[in-house]
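S.K.: Here's the letter readout for the chains.
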Amino acid sequence: MGSFSRRFITDFDWLLLGMVLLVCALGVMQISSVEPSPGMWRKQLMTVLVMGLPILFVTTLIDYHKIVNAAPVLYGIGIILLIAVLLFGRVVNGNKSWLYLGPLSGQPSEIAKIFTILMLTRFLADVRKRPLDVRTIIIACGLWAVPAVLVFLENDTGSTLSYMSFLAALLLIGGIGWRWVAAGAVGLVLVVALAGFWLSHLDSVKYKDNYKIQRILAVYFPDKAQERFSYQNKQAEIAVGSGGIVGKGLGKGSQGTLGFLPEVQTDFIFAALGEEMGFLGTVFALVLYALIITRLIGIARSARDRAGLLLVTGYAALLLCHVAVSMGMVLRLLPIIGIPLPLMSYGGSSLLATFFALGLALSVRQRRFVN
Amino acid sequence: MKAIQPQRGMDSFEDIRQTGLRLEALRVLAIVICLVLGIRLSWLQVLNHENYAVQAEQNRVRVLAIPAPRGKIFDRKGRLLVTSRGSWNIVLSREKGQRLEDKIDLIVENLGVDREWLTKRFEAARYEPKYEYIVVKELATPGDVAWVDAHRIEHPELMAMEAPQRVYVHGKLAAHALGYVGEVSKKELQDPNSPFSEARGFKLGDIIGKSGFERYYNDILMGKDGERRVVVDSRGQIKSELSRVEPIPGRDVYLTLDYDVQLAAEEQGDTMPTGRGALAFMDPNNGEIFAMVSRPAFDPNAFSQRAKTQEGREEITEYYQDEDKPLYNRVIQAAMAPGSTWKLFTTVAALNEGVITPENSRVQDGSIQLGSYFMTSMSHLGFPDVVTAIARSCDGYYYRLGLKMGGERFEKWVHIFRFGEKTGVDLPNERAGRPPTPSEKKQFWEAVARNMKKKREEAGQKWTERDAREYEFQSRWTDYDMAASAFGQGRNETTPIQLLRYVGALANGGHMVTPHLLLKVPAVERDGVMLPELRYEDRNKFTIPMSPEIHEIVKKGMWNAVNGDGTAGAARVEGFDVCGKTGTAQVASKARAGANTKDNAWFISFAPRDKPEICSVILTENAGFGGRNSAPRAKVIYEGYYRRTRNLPMEVATRQ
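Going down the list, the protein sequences come from chains P and F.
All residue numbers for the first sequence refer to this note's numbering, where the first residue is 809 and numbers rise by one.
All residue numbers for the second sequence refer to this note's numbering, where the first residue is 18 and numbers rise by one.
It is possible that part of the hints are untrue.
Unchecked claim - Straight-line distance between alpha carbons at most 30 Å, and here's what the computed DSS-like set of lysine-lysine pairs gives:
| id | chain 1 | residue 1 | chain 2 | residue 2 |
| --- | --- | --- | --- | --- |
| 1 | P | K1042 | F | K120 |
| 2 | F | K189 | F | K120 |
| 3 | F | K137 | P | K1014 |
| 4 | F | K220 | P | K1020 |
Hints are computed from structural coordinates only; laboratory data are not their basis.
All chains, full assembly: derive it from the sequences and hints.
M.R.: Below, the structure written as structure tokens:
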């Protein structure tokens, strides 16, 4: 463990922390404004201050190599938790992703994402073949697939999607061959094109109760979608649009406070922000996220070694995915997928996982200079 | 796997350029994604803000009507006839993309609603605007309302809403005069000429008068709904009120109807042998209608309260399908031959024209051969004077009187009496009838000829000179027409209300007053402004020339008919000096041939003879003689009226 020295303080990335805390502040403000149940914002604030920040600082102090070396253990814990969720979990909003252990409850898939990034980092850091050979790719995918499949079985589409983001980023930065990259890109385009073609010719009545298909239709083929599935998209769109440039003011948004937005404190927090703080508020938040992500990429670039590079890149990709999907869904660019907006959405698991990951990134930054 | 160690920079095999490139690509991707999100944000929040602002407002604001109570209706002495009862509808709000089908079980089980009806209701609601509440139960019981209130937390989509119901206190009593209320129809709203069009501020769901007095005076009775603009949450539950406009209640109204007379007339209506007929009583001095009865009758509560229930709809369908037409107000809509009640008209006309004079009014009675027609007369009294001719209802006398007068003079007097024109009674859908005049006959046959000619031309047939002559011949006013019209048959079609006005003028010496139902609308304060009392104003009245001498002859004839040796002895009331005239009209149309084709029994009368207080017309359809079937009904009602107004002990009603 590094010492809490003068150098630590001067070297610490206060700017990044400042931006992170600003985003948290926006979230707490917004939660207090829509307040689906009393005291929620206070709980969120306490989570940030009492648990989030200490986790961040402690993680920063620890040499990330030690944590990466412990990855197999953490990875194992993550998988056990995910299996426990499948066995004993509670279904919330159609997803079986909540685990209740006495007074403690949480969504293990959030922290399992970080553990999986650590595990992949641990594995790929040692690989010295360039480009990556097939065996390495298969092992990496296998390591990734165990938690990803478990999460998929929880019916948590959003999280499954976010698992894909860091796998792709880690393989890319880890040194996968250009051919693989090209094949992946072509494959992605093909899948999207085929899916689009299939959906546009779909007899949507036949799938009127398939909520996944209906949610996709609601965004890209609204005429075909059942009304009850496009309701959330529509209300979120109205909320954001009605905010205008300066917004309706904190606590004055009807869409958020009168229950038109579902899950307003978690998945739809950005819609409430758009309604009450307007274009200025949303762009402010968006710019903060953009700066945080690009700063993380900068940290990755300056990492002293391959482990640091992979670790931070993996998390940056995950964060980017969360932000893009969560905002995209609120803005009716993407289908409704239950995915929180990191740092803003209400919820301890996501917050703590995020602070832990940010701590890892800061730890990489602290140790960027070879001395 | 061996533990990784902190390394001094990247390994030599690491392609730093390659890694930097890929990191750069990732950064560009992040920026592109953020740019896309930013563009979308400006599209939603800057460019299309107004559109969404309106949608958000529509989301949260509802306009709820506060129903204005409709005015009560009293009889002339302040006895309540029609009122409104507060009642509740249970409504469902439909937001949150919920499926209506999911609510069926909840509503059926807890509110006792018919499943099939509700399914149909939801089916219909698919085509209604989403922000409108769906009425899932009308006339909710207090238990239903309590249940909905108690389950506000679990089922905030259900709400109880006030919806007053019109109550016709005495059911069928005076149903045709009062009319009934119901929801304004789409047709009425869209027709710019309708009194209930959208242009006049009416809207779907408004309760308006559909017939009778309720319709004619809808403006006075209806009032104006208030409204609340409220903020609702996503489940339709009211969170707060933005503004409130109080409803303006409709005004109470007093009718000219006298409940006692009406009740007595209703009882007489109930005993009519064919179940069809009409009775109307009026003050001959000012046209105030005391009673108006048409048989068969209907229950207006079926329309105002039960229209949305299965039984109510069946009841209403039955009314529409019944061959005897219970919804039809015979007093103002049954236009038929008035029979001998018309002879008084011929009398007044002939005396005015000098065809006969008070001094010499003798005309031969008895049957008569007119061309190919042999017109029988029941009476053969030689050469009776006019008073006897009235009292004994001498048909032969009037055949000849008519022939003496001639079509031209006869027509002039039909128009002076304004037969064939509406009386202007304050009810909708009055019929004008048909005047028995030469020009009417001519017009009628000319129209027939025109149609015939057109039909022939369409069929390629010729319209010959001979055809034209044939129809011209048909259109001539013949002696038969003249004789028949003079005693109330022929082409004559007159409504009971026309006869009522007419007998009123016979009673009061020639003043044709307009029969009406509105007595007064009491003064009332609305919004701090005193609205003055309204009274009926007779703009339609006119006077027919009737000298006191002629009046005396008419009265004497009618008095003798009842109190002398005349045809209407059954209407005699000791001490009340009833004057009357019977009519036994042959049924021109044999459409309902069979046992029912008996004559229509008429009786018109007034009393007392010299200071008339009340006059009446009674029609008992297809019952036979007027003297036997209608006059006794007048007697019972007059008897009661006489005793009530003179404070005499009421006898046990002797009903025939």
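S.K.: Against this structure, judge whether each hint is valid.
M.R.: Consistency of the hints with the structure:
no. : hint             : verdict
1   : P/K1042 - F/K120 : 23 Å, holds
2   : F/K189 - F/K120  : 39 Å, violated
3   : F/K137 - P/K1014 : 23 Å, holds
4   : F/K220 - P/K1020 : 42 Å, violated
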